[in-house]
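Asks: Here is what each chain is made of, one letter per residue.
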Amino acid sequence: MEYLLGIQGKDFVLVAADNVAASSIIQMKHDYDKMFKLSEKILMLCVGEAGDTVQFAEYIQKNVQLYKMRNGYELSPAAAANFTRKNLADYLRSRTPYHVNLLLAGYDDTDGPGLFYMDYLSSLAKAPFAAHGYGAFLTLSILDRYYKPDLTKDEAVDLLKKCVEELNRRFILNLHSFTVRLIDKEGIHDMEKITIGAK
Amino acid sequence: MALQELCSQDQGRTRWSSGNMFGSNYQSDSSFSSSRCLFHFYIPVADYLDESPVQFGQISAAQSCSSVFSQDSILTSFSVPGDPRPLSAAASSQSVPLPFPHSHGTTTLAFMFQGGVLAAADTRSSCSGLVACPSSQKILPIHSHMVGTTSGTSADCALWKRILSRELRLYQLRHGRSLSTRGAAKLLSHMLHPFKGTELCVAATLCGWDGGEVDGRHDDDGCMVRTENVEKPEDTRLEKTQSSSSTQPNAANSSSSGPSLVYVCSDGTRLQGTLFSVGSGSPYAYSILDQEVRWELTLQEATAIAREAVYRATHRDAYSGNHVDIYHITSTGWTRRDREDLKEEYYRERERRERRLRRDATSV
Numbered sequence: 001m002e003y004l005l006g007i008q009g010k011d012f013v014l015v016a017a018d019n020v021a022a023s024s025i026i027q028m029k030h031d032y033d034k035m036f037k038l039s040e041k042i043l044m045l046c047v048g049e050a051g052d053t054v055q056f057a058e059y060i061q062k063n064v065q066l067y068k069m070r071n072g073y074e075l076s077p078a079a080a081a082n083f084t085r086k087n088l089a090d091y092l093r094s095r096t097p098y099h100v101n102l103l104l105a106g107y108d109d110t111d112g113p114g115l116f117y118m119d120y121l122s123s124l125a126k127a128p129f130a131a132h133g134y135g136a137f138l139t140l141s142i143l144d145r146y147y148k149p150d151l152t153k154d155e156a157v158d159l160l161k162k163c164v165e166e167l168n169r170r171f172i173l174n175l176h177s178f179t180v181r182l183i184d185k186e187g188i189h190d191m192e193k194i195t196i197g198a199k
Numbered sequence: 001m002a003l004q005e006l007c008s009q010d011q012g013r014t015r016w017s018s019g020n021m022f023g024s025n026y027q028s029d030s031s032f033s034s035s036r037c038l039f040h041f042y043i044p045v046a047d048y049l050d051e052s053p054v055q056f057g058q059i060s061a062a063q064s065c066s067s068v069f070s071q072d073s074i075l076t077s078f079s080v081p082g083d084p085r086p087l088s089a090a091a092s093s094q095s096v097p098l099p100f101p102h103s104h105g106t107t108t109l110a111f112m113f114q115g116g117v118l119a120a121a122d123t124r125s126s127c128s129g130l131v132a133c134p135s136s137q138k139i140l141p142i143h144s145h146m147v148g149t150t151s152g153t154s155a156d157c158a159l160w161k162r163i164l165s166r167e168l169r170l171y172q173l174r175h176g177r178s179l180s181t182r183g184a185a186k187l188l189s190h191m192l193h194p195f196k197g198t199e200l201c202v203a204a205t206l207c208g209w210d211g212g213e214v215d216g217r218h219d220d221d222g223c224m225v226r227t228e229n230v231e232k233p234e235d236t237r238l239e240k241t242q243s244s245s246s247t248q249p250n251a252a253n254s255s256s257s258g259p260s261l262v263y264v265c266s267d268g269t270r271l272q273g274t275l276f277s278v279g280s281g282s283p284y285a286y287s288i289l290d291q292e293v294r295w296e297l298t299l300q301e302a303t304a305i306a307r308e309a310v311y312r313a314t315h316r317d318a319y320s321g322n323h324v325d326i327y328h329i330t331s332t333g334w335t336r337r338d339r340e341d342l343k344e345e346y347y348r349e350r351e352r353r354e355r356r357l358r359r360d361a362t363s364v
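Chains as they are written, first to last, in my numbering: chain A, 1 to 199; chain B, 1 to 364.
A portion of the hints provided could be inaccurate.
[Stated by the list, open to error] What follows is a set of in silico ranges between Cβ atoms, one per label pair, in the way DEER data are often shown:
(1) A:HIS189 to B:GLU349: 48 to 54 angstroms
(2) A:MET1 to B:ARG339: 35 to 41 angstroms
(3) B:ARG339 to A:GLU166: 49 to 55 angstroms
(4) A:ALA79 to B:ARG162: 42 to 48 angstroms
(5) A:THR96 to B:ARG294: 38 to 44 angstroms
(6) B:ARG316 to A:LYS153: 47 to 53 angstroms
(7) B:ALA304 to A:SER141: 47 to 53 angstroms
(8) A:ASP154 to B:ALA304: 46 to 52 angstroms
(9) B:ARG316 to A:ASN168: 29 to 35 angstroms
Note that these hints are calculated values from the structure, not bench results. Built from N, CA and C at the ideal position, the CB exists for glycine as well.
Please work from the sequences and hints to get the whole structure.
Replies: Structural data, given as structure tokens:
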């Protein structure tokens, strides 16, 4: 029902998320932001069960900030991803597991851009491109077909638009707008929202 | 007793003596040291949660875990409007008999407009097929500048509203200023979080007017690291309306002053917005509201639209009906309209229709 997408380029990561906050059959909000800023160059996209997403994402967000305050430097994206995964895994076999699916995208000054795929069973994989949600079934093959490791920013945005077009054509639910952000060595940039009219 | 005052319906407005509460008596450093006490509040029912869950109709731990894993499909999270079982339990099978049938049928709605916030709700309390109370109150005042619409289990809503009022009052006494609506919503959401997965069902819309704080730093969400954009509703409104409405809050301050509307649900959802409708009759209300609600509405128009939306929902939804309560929140507090019987509305509409038919027939 919700859709997340991440594409890693040569020196940037492009991420997009839909803007719908739904409650059973009703769209309660059309402009909901599913991205959480963990630090200057790390974004976490979080979807899943209603309260768990915000609770878990804010918990990780505050802990990453705390690390920065205590140690004076920020966690790298890989470290943040592993920290998140560890927390998910710890809660997995407790009475209150968090049912959340995440994409963590960041830019490390030494390692470059990184995109990490995590799901509610606390699996973690570093991937060149990734998607969550039912929309992933429709768009992963497009990404497989057109992705190249040295994509430029414009090519990545075009690839994103191809995915959104396909969702608009074939996905049963109306996801009419997407927040898009880009992370590169300068930080997180808000890009123009992609909006599609009704089919 | 302060609580008694603000819960009484006789007064049109309740006001705290806020004259000397704002900052003059409290030092900023003492508020920092006492802020640690904020979260040590007494949650009345947390104790028995560990003891006999089966007796109180809660889902067992194993059930709730397995239900979480099976929630990967969208179908499990659907719940037909008017379904008497709570939304949170719909995902897991009910192997434990409930002590009594729960009441969830409701139509409540709230929206922001240039004149503040308007909240409306029906007054029918249903228990499966029975109307348990035709004149219940679903909009509960929390303090002088905030009301909450309630939906879900009536008892849970009433209790948690009182707890929220108490906690907001304590916050005000400790820190010398009132919590914003967003802060109150976050507090309520965190208080309800331990009960996630149980039968507790509270879906409330907090409608309030935040007194303008000088800087947005005092917002309960604290650091601006979170990217959820609170100014967005105001921004889109600014784009849409060419005329500058004088009471429209400045986009820079919108997170700290002016009308505010936040939806909080016991499943953990917390959404800030400009229009919400909750309950079994909410889809019917949404369709009326989406057509008519604009920022520039006058108070009369807004009241008429709210009334009509509740009326149409009560017409179609079996679990909503009887009367409609309308509350209006402005910078001076909340005011309550007299309760109106929707039966009269039905007859009025019929008459209007007949008059129109007669007029069209004669004009032909």
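Asks: Please go over all the hints and tell whether each is borne out by the structure.
Replies: Results for each hint:
{"no.": "1", "hint": "A:HIS189 to B:GLU349: 48 to 54 angstroms", "verdict": "53 angstroms, holds"}
{"no.": "2", "hint": "A:MET1 to B:ARG339: 35 to 41 angstroms", "verdict": "39 angstroms, holds"}
{"no.": "3", "hint": "B:ARG339 to A:GLU166: 49 to 55 angstroms", "verdict": "52 angstroms, holds"}
{"no.": "4", "hint": "A:ALA79 to B:ARG162: 42 to 48 angstroms", "verdict": "44 angstroms, holds"}
{"no.": "5", "hint": "A:THR96 to B:ARG294: 38 to 44 angstroms", "verdict": "42 angstroms, holds"}
{"no.": "6", "hint": "B:ARG316 to A:LYS153: 47 to 53 angstroms", "verdict": "50 angstroms, holds"}
{"no.": "7", "hint": "B:ALA304 to A:SER141: 47 to 53 angstroms", "verdict": "52 angstroms, holds"}
{"no.": "8", "hint": "A:ASP154 to B:ALA304: 46 to 52 angstroms", "verdict": "51 angstroms, holds"}
{"no.": "9", "hint": "B:ARG316 to A:ASN168: 29 to 35 angstroms", "verdict": "31 angstroms, holds"}
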